[in-house]
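Below are the chains, spelled out letter by letter.
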Amino acid sequence: MTERKGPILFRPYTAFSGMRKAFEMGNAKVLATVKDAGLRGRGGAGFPTAMKWKFALDDISKDHQDYSKDRFIICNADEGEPGTFKDRVLLEEQLGLLLEGMLIAGYTIRASTGIIFLRGEYNYMWDQIKGTILRWRAEGMLGENLDGKGFDFDIHIRMGAGAYVCGEETALIESMEGYRGEPRNRPPFPVNAGFNKRPTVVNNVETLCQLPHILNEGADWFKKIGTEESTGSKLLSISGDCSKPGVYEVPFGVTIQAVLELAGAVGIKAVQVGGASGICLSAHEFDRTICFEDVPTGGSIIIFNTTRNMREVLVNFLGFFMEESCGQCTPCRYGTECLLDGILQLSRGECSDEYLSELLDLSDSMAIASKCGLGQSVANPFRSIIERFRGEIYHG
Amino acid sequence: MGNLSNFESSRIPSSHLQQQIDATGKADVEIAINGKKLTVPYGTSILNATRLVGVKIPTLCSHDDLCVVGVCRLCLVEVEGQKTLQAACAYPITASINIRTHTTKVRKARRHVLDLMLRNHYGECYACRRNHKCQLQDRAKEHGVDFFRFGHIKEKRFEEDLSSYAVVRDPDKCVLCYRCVRTCIDMQEVGVLEFINRGFETQVSTFMNKPLAEVICVNCGQCINRCPTGALRANDPSDKVWRAIEDPEKHVIMQTAPAPRACIGEEFGLEAGHSLTRELNTAIRMIGFDQVFDTNFAADLTIMEESAELLTRLKDALVEGKDIPLPMITSCSPGWVKFCEHFYPDQLDHLSTCKSPQQMFGALLKTYYAEKSGINPANIVTVALMPCSAKKFECNRPEMQDSGHKDVDYGLTTREMAQMIKECGIHLPDLDREDFDHPLGLGSGAGLIFGATGGVMEAAIRTAYEIVTGREVPFEGLNVTPVRGMEGIREASILIENPVEEWKFLAGVELKVAIAHGTANAKKIMELVKAGKADYHFIEIMACPGGCLGGGGAPIPTNDEIRRKRAEALYKEDASLEVRKSHENAEIDQIYEEFLGEPLGERSHRLLHTHYTPRGKRIGD
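From first to last, the protein sequence lines are chains U and Z. Reminder that position 110 of the first sequence reads as 110 in the working numbering, one-by-one numbering, no gaps. All you need for the working numbering is the position in the second sequence, starting with 1, plus 1000.
Warning: the hint list may mix true and false statements.
As the list claims (entries may be wrong) - Pulled a few chain Z residues facing chain U out of the computed Cβ check, cut under 7 Å:
1) V1071
2) G1081
3) T1084
4) R1107
5) A1109
6) N1120
7) F1150
Unchecked claim - Calculated lysine-lysine pairs in the DSS-like style (CA-CA distance at most 27 Å, straight line):
8) U:K54 - Z:K1581
9) Z:K1250 - Z:K1372
10) Z:K1154 - Z:K1141
11) U:K35 - Z:K1083
12) U:K197 - Z:K1524
13) Z:K1026 - U:K54
14) Z:K1037 - Z:K1141
15) U:K35 - U:K21
16) U:K244 - U:K29
17) U:K35 - U:K130
18) Z:K1565 - Z:K1581
19) Z:K1617 - Z:K1504
20) U:K224 - U:K54
21) U:K197 - Z:K1026
22) U:K149 - U:K54
23) U:K149 - U:K21
24) U:K197 - Z:K1083
25) Z:K1524 - Z:K1581
26) Z:K1523 - U:K197
27) Z:K1210 - Z:K1572
28) Z:K1504 - Z:K1315
To be clear, the hints were calculated from the coordinates, so they are not data collected in a lab. Owing to the predicted nature of the structure, the values given are computational and were not obtained by experimental measurement. The C-beta atom is built at its ideal place from N, Cα and C for all residues, glycine as well.
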């Protein structure tokens, strides 16, 4: 295993080759290849990419004036999960791969518009991204009739404004439409009624960057990397108590222990996998593997050594959720505050064992009652940290 | 079975919160609810489907008048195969699914949601206007809440906003159900209320967090009618009314509008649609008011003035060729007037210069009545019972002092009146029926139907047509049915044939009218007016859906069915009256003879007509 430059995303690559390959194959074959490759969304939830595309492609029930102008491919570059910074590296170093990935996705679902929803804090990249888009347009890589058969495609950038919840795809779309970033009810899903109520596919930066390679090298090549249900590689953003923090590309199925060794981490008592909304693992579980079958992650790995107080970690996460909840649904808006308040009571010695059980119960309810993934995932750190570090939670 | 999907219930599909389900050409879906099989139309919400099997799922953010948001998370149900619970109100059925409505998981989650709301809901029920009329309280009771599982907030977090004459906001009681926001943005298209801040700090507020009096609130109070808790209420002047009643110096006069009389029974447990007009007279006297008059009298007066104004405008335009603003638009609804001042400040000359019946009445009470009864107008206190919160603002307009005093001292809503009656230990429906005081106590059926959308138009047509042709309107039983109904915008026309000599120029003219209720519909009409594309002669606009009977001061709850029943009550009462045309009201003849002279005469002009303020949308800068 090599450091950082892993098996897929940073391998040598000829510009525009994936896109040309796609035009050669035609969109049905591209879809079949991506499906065969088993590509799943890299944002954390792991939804099969080809299935999402198929839903959008199949949505022809609306009275579309112009079929392709009425559908969108959105690149979710609102990387906001605490401890995640891998998309930033892709945006800075592999922008061509991303744009090409968007083009391939757009070609497949017959969309003529791609939009990059860029995290507010990444506004310093605007010039670079915009410049590349303009150059591509000038070179005829974006614009009209790209495949010689009438496929038009262009890419635009929209800026996020710093809300964590806008990483959730329907909140992202609300934000793009100019409203408060609040998740929508589903169904209907964005693939049927997304941006401007039109079929919309939202893919993560990393997902899109995989596409040119999959087309070039083939599904079989891709499937050889990773595990059965989690094919390919994953970018990890490793931070915390280690000597070599940074972004690493690893094949799916790698153990936590291997990741710790990679990052030069010793004397570790806990690893938070998947950021604030992920779960916390303790030392005896470091043989568990990073993949959708076992421990999924959008990329964030936060390492805690024995000097860290896990109650403080939990308080930090809960404070984050309390602030970043969009505030529209009751369990998330009030639940996050209630959990945090409970832990603070605990630290003052004012919280009983019974009340802590009530709070654990509450977190379970939040997981099934909240409107979107944000509220639903608060239980992950809450339950996993309390269960594994009960002593620390009680006594500090 | 009809359309069971309330996903299209929003009048204006502009809401970003609303997701439409396209059900055209889709077959019905077979589902199971708690094991019971049934078939529902594609796109039916789970909430509506469960009603078919006799299950009433608890809701809070859902409201029949509003689009779906699915934020309170009380109506959660289990859908087999889904990892998370689903909000029944926001889940359109598009596939065959098994639904469970009260599993342990569901009940526990609902209870937790309630517990969280109660933790953050400041105040005690018995110190709240909405005690016994609160949906949060209802839900707590249904769920057997007998302790605060997660504690209960002890300190106020927010300040009450008491700046507005019409609407008071108490954010500490807000459960953030989005109803007021949807009402203001989607239903009324005013857009004063929105969510601000994020996460736990989220609250409902105005742009730049300004007080209500300093934003473009039109005071319609529709938000109050839809608030499930006590977070929104009307600005209640009843303490001042009580003081006046107890002051021996003061001569306190009540005028009652038609809509409150048709609705107030609901506050005493009656079904919607029972008028208690004369029982109310008895109650008002029992409370201690000195006189009780009928606002319908002033409504008749409005019709006399407004018909004359319309005909004069028509004459000026059609005969004299003057550049007269047409269509003329009614000005009875103070919510609509303020809406027009904010949103269409350059179109104000379309508004009739007639004051609303409330304000005409006030001006007459402190002039004509004072003179006639020999009471110093400074000692007269005039109170108006209205279905309306905007009336509170209207009576405080600086220009409404043509009598030399504040023409109308206080506006009471139907709810506040009911409160005063209850405080006296009176059960309204049990009372004997008493007549109004006279003069100024006779109102025609035409004045009465002012309370329903289309009513002013119908009353005006009954009078104007007869003035012009010398004949009664050509409708059976005087019922001008084309202008009735609950459609948001309605159009009608009436051909003028064989007019009397004075109005010969109108021969063969097709008089075109339109009616709109709810400010969102007003906006649609006004865009036409602004573009010069509205070829109507006369338009009636009411700020509230359904007209006054759906007013912001009307009993809570409100929905389409309730509004229809209230309208039926008004039309039924109109049909039962002897005098049904404003110009046949003998007391109207009397006041013109004794005091006013003639419609649009000098005194009328001074006391009964007004002007408007182009306010625009930028305020206070």
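Results of checking the hints against the structure:
1. Interface restraint check: V1071 of chain Z against chain U, minimum CB-CB distance 5 Å, threshold 7 Å, status holds.
2. The interface hint given for G1081 of chain Z is broken, as the beta carbon of that residue sits about 14 Å from the closest beta carbon of chain U, more than 7 Å.
3. For the restraint placing T1084 of chain Z at the interface with chain U, the shortest Cβ-Cβ distance is roughly 5 Å, inside the 7 Å limit, so the hint holds.
4. Here the hint on R1107 of chain Z is broken, as its CB sits about 10 Å from the closest CB of chain U, past 7 Å.
5. At a threshold of 7 Å, the smallest CB-CB gap from A1109 of chain Z to chain U is about 4 Å, leaving the interface hint in force.
6. Hint status for N1120 of chain Z relative to chain U: holds, with the closest Cβ pair at about 5 Å, below 7 Å.
7. Interface hint at F1150 of chain Z: satisfied, since its Cβ lies 5 Å from the closest Cβ of chain U, which is below the 7 Å cut-off.
8. Annotation: proposed proximity of K54 of chain U to K1581 of chain Z is violated, straight-line Cα distance about 66 Å (limit 27 Å).
9. For a cut-off of 27 Å, the pair hint linking K1250 of chain Z to K1372 of chain Z stands: about 17 Å separates their Cα positions.
10. With a CA separation close to 21 Å, the supplied pair K1154 of chain Z and K1141 of chain Z stays within the 27 Å bound.
11. Between K35 of chain U and K1083 of chain Z the CA atoms are separated by roughly 24 Å; this keeps the pair inside 27 Å, and the hint holds.
12. Taking the CA atoms of K197 of chain U and K1524 of chain Z, the gap is about 23 Å. The hint holds against a cut of 27 Å.
13. Distance hint between K1026 of chain Z and K54 of chain U is fulfilled; the C-alpha atoms sit about 21 Å from each other, no more than 27 Å.
14. The suggested pairing of K1037 of chain Z with K1141 of chain Z is violated, with an alpha-carbon distance near 30 Å, which exceeds 27 Å.
15. Our distance criterion of 27 Å between C-alpha atoms is met by K35 of chain U and K21 of chain U, whose separation comes to about 16 Å.
16. The straight-line distance between the Cα atoms of K244 of chain U and K29 of chain U is roughly 41 Å, outside the 27 Å bound, and the hint therefore fails.
17. Of the pairs offered as hints, the one joining K35 of chain U and K130 of chain U is violated, with about 31 Å between alpha carbons and a cut-off of 27 Å exceeded.
18. Our distance criterion of 27 Å between C-alpha atoms is met by K1565 of chain Z and K1581 of chain Z, whose separation comes to about 23 Å.
19. As the CA atoms of K1617 of chain Z and K1504 of chain Z are separated by approximately 44 Å, the hinted pair breaks the 27 Å bound.
20. As the CA atoms of K224 of chain U and K54 of chain U are separated by approximately 24 Å, the hinted pair is consistent with the 27 Å bound.
21. A C-alpha spacing of about 19 Å is found between K197 of chain U and K1026 of chain Z, which places the hinted pair at or below 27 Å, so the restraint holds.
22. For the hint pairing K149 of chain U with K54 of chain U, the CA-to-CA distance comes to about 21 Å; that is within 27 Å, so the pair holds.
23. Under the criterion of a C-alpha separation no larger than 27 Å, the hint pairing K149 of chain U with K21 of chain U is consistent with the structure, at around 14 Å.
24. Straight-line distance between C-alpha atoms of K197 of chain U and K1083 of chain Z comes to about 26 Å, which keeps the hinted pair within the 27 Å bound.
25. As the CA atoms of K1524 of chain Z and K1581 of chain Z are separated by approximately 31 Å, the hinted pair breaks the 27 Å bound.
26. Between K1523 of chain Z and K197 of chain U the alpha-carbon distance is near 24 Å, which keeps this suggested pair within the 27 Å criterion.
27. Restraint check for K1210 of chain Z and K1572 of chain Z: not satisfied, since their Cα atoms lie roughly 44 Å apart, outside the 27 Å limit.
28. In summary, the hint linking K1504 of chain Z to K1315 of chain Z is supported, as the alpha carbons are separated by about 10 Å, within the 27 Å threshold.
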